[in-house]
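Student: Sequence:
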Amino acid sequence: MAGNIYNMSDMTYPEFNALDRDRTLILQGVSPVEVHGTHMPLKTDYFTVESLLKRAAKSIRTRLPGWDAVISPTLPVGSDTLPLPGSIEIRPRILKGLMTDYGCSLARHGFRHIALLSAHGGPRHDAALELACRAVMRRHRDVQMFTPTGDVILYVMLGDITEDLKERLRGIVAPEIIDTLLPSDVHAGALETSLGLLFMPELIKKDYGKLPDNTFGTSNRLVNRAVRSFFNQLARLVLVFPSYRKDPEKTRLFYYFMGEMINMFVLPDGPVPVHAGFPRKSSKVLGRAYADLIVERAVDMIHDVITGKRDIESTFTLFSRSALIRAGVRL
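Residue numbers (the working numbering): 1 to 331.
Source of the hints: derived by calculation from the structure; they are not laboratory data. Hints are not guaranteed to be accurate.
[What the hints assert, rightly or not] No farther apart than 27 angstroms at their CA atoms in a straight line, the calculated lysine-lysine pairs in the DSS-like style are these:
#, residue 1, residue 2
1, Lys54, Lys43
2, Lys54, Lys284
3, Lys166, Lys206
4, Lys54, Lys246
5, Lys43, Lys309
6, Lys43, Lys210
7, Lys250, Lys54
8, Lys206, Lys246
9, Lys206, Lys58
10, Lys58, Lys166
11, Lys284, Lys205
12, Lys210, Lys166
13, Lys54, Lys210
14, Lys309, Lys210
15, Lys309, Lys206
16, Lys43, Lys250
17, Lys166, Lys250
18, Lys58, Lys309
19, Lys246, Lys43
20, Lys58, Lys43
21, Lys309, Lys250
22, Lys166, Lys284
[Claimed, not checked] Now the in silico label distances, taken between C-beta atoms and shown as ranges:
#, residue 1, residue 2, range
23, Lys210, Pro268, 18 to 24 angstroms
24, Asp247, Arg63, 25 to 31 angstroms
25, Ser9, Ile172, 16 to 22 angstroms
26, Arg141, Gly97, 33 to 39 angstroms
27, Phe241, Arg108, 33 to 39 angstroms
28, Asn17, Gly86, 50 to 56 angstroms
29, Arg280, Met200, 14 to 20 angstroms
30, Gly3, Arg221, 39 to 45 angstroms
31, Leu267, Lys58, 20 to 26 angstroms
Note that CB positions come from ideal geometry on N, CA and C, so glycine has one too.
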């Protein structure tokens with residue numbers, strides 16, 4: 001009977017083969033093993049996406065009556081991880097090839113609806129997922145394979161989530177605390193640590209409240225100023241193209257974010273930082289509101305694509321539309 005949630009790895013061949021191909025959604029998590037501060041476990045990203053997938057599957061069962069949601073085993077792989085011991089880096093083109101093969105394997109057996117989700121914000125990682133979706137759909141025209149990840153990450157990193165968080169946490173968390181988080185709170189800061197307190201509190205080191213703030217724009221070295229200037233000029237250049245002109249502010253912020261990520265993690269003024277943001281501002285209640293909002297946004301996209309309310313082309317973001325990042329995926 002349709003309307004169930006399954007863990008793919010627990011199913012037998014007859015059970016999996018009996019699924020209605022037209023009313024089954026495959027949910028695939030893809031997130032790396034990576035250093036997350038000194039207070040979070042290396043499994044943070046892939047355990048987080050597993051937890052979010054379970055929430056998403058429950059919501060999908062409600063939003064898409066009669067549909068089965070199949071949670072495939074999360075793949076602990078990813079690109080653009082912190083270059084530190086404990087981070088496992090997969091080349092972006094290998095990741096793209098892996099996810100292309102994954103999607104084509106399902107498509108050959110008739111599965112037509114596949115959603116990839118990630119809790120990792122590496123630019124080439126997210127571009128590789130989107131480009132893999134394009135590759136699968138070029139080979140299998142009747143398949144919908146897409147990822148809400150890029151859209152969700154931009155919703156968070158460009159600050160659109162801020163007002164929604166303040167509304168959800170009205171009277172619980174001071175709005176000025178939320179206002180200070182973005183765009184710097186991008187790695188093992190308040191947002192990710194709060195998810196950790198929600199999903200795996202026993203693994204979060206108790207000293208997270210004593211960790212220092214680590215924010216964008218703190219280095220004034222010549223090389224860092226040059227990177228900022230390059231990405232500012234790049235943002236102005238790409239705005240001549242129609243696909244970018246429709247949302248110039250988001251494009252400008254996107255390239256600002258890319259430049260600051262490179263300055264902080266690739267060209268740091270000192271050792272590579274293990275976190276970016278404000279771990280001391282973390283709380284379980286912030287984690288719950290944050291998880292709810294990102295799951296809702298992801299499920300909204302999944303629902304709208306499957307029901308035909310949203311063109312699948314609109315799911316592809318600046319991560320895969322940027323020629324600079326696409327070129328990086330080929331490395």
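Student: None of the hints should be skipped; say for each whether it holds.
Tutor: Here is what the structure says about each hint:
1. Lys54 - Lys43: 17 angstroms, holds
2. Lys54 - Lys284: 18 angstroms, holds
3. Lys166 - Lys206: 26 angstroms, holds
4. Lys54 - Lys246: It is violated: about 35 angstroms lies between the C-alpha atoms, which goes past 27 angstroms.
5. Lys43 - Lys309: 35 angstroms, violated
6. Lys43 - Lys210: 22 angstroms, holds
7. Lys250 - Lys54: Violated, at roughly 30 angstroms.
8. Lys206 - Lys246: 45 angstroms, violated
9. Lys206 - Lys58: 31 angstroms, violated
10. Lys58 - Lys166: Given pair Lys58, Lys166 holds - Cα atoms ~25 angstroms apart, limit 27 angstroms.
11. Lys284 - Lys205: Since the Cα atoms of Lys284 and Lys205 sit roughly 14 angstroms apart, the hinted pair holds (cutoff 27 angstroms).
12. Lys210 - Lys166: 24 angstroms, holds
13. Lys54 - Lys210: Answer violated: Lys54 to Lys210 is near 32 angstroms, above 27 angstroms.
14. Lys309 - Lys210: At roughly 47 angstroms apart (the allowed maximum being 27 angstroms), Lys210 and Lys309 break the hint.
15. Lys309 - Lys206: Violated, at roughly 45 angstroms.
16. Lys43 - Lys250: 31 angstroms, violated
17. Lys166 - Lys250: 21 angstroms, holds
18. Lys58 - Lys309: Roughly 21 angstroms between the alpha carbons, so the hint for Lys58 and Lys309 holds.
19. Lys246 - Lys43: Distance ~38 angstroms between Lys246 and Lys43 Cα, so the pair is violated.
20. Lys58 - Lys43: 23 angstroms, holds
21. Lys309 - Lys250: 23 angstroms, holds
22. Lys166 - Lys284: Distance of about 15 angstroms is within 27 angstroms: holds.
23. Lys210 - Pro268: 18 to 24 angstroms: 22 angstroms, holds
24. Asp247 - Arg63: 25 to 31 angstroms: Distance hint for Asp247, Arg63 holds at roughly 27 angstroms.
25. Ser9 - Ile172: 16 to 22 angstroms: 38 angstroms, violated
26. Arg141 - Gly97: 33 to 39 angstroms: 20 angstroms, violated
27. Phe241 - Arg108: 33 to 39 angstroms: At roughly 36 angstroms between Cβ atoms, Arg108 and Phe241 fall inside 33 to 39 angstroms, so the hint holds.
28. Asn17 - Gly86: 50 to 56 angstroms: Given a distance of about 39 angstroms, which is not inside 50 to 56 angstroms, the answer is violated.
29. Arg280 - Met200: 14 to 20 angstroms: The hint (14 to 20 angstroms, Cβ to Cβ) holds, given that Arg280 and Met200 are roughly 19 angstroms apart.
30. Gly3 - Arg221: 39 to 45 angstroms: 57 angstroms, violated
31. Leu267 - Lys58: 20 to 26 angstroms: About 42 angstroms separates the Cβ atoms of Leu267 and Lys58, which means 20 to 26 angstroms is violated.
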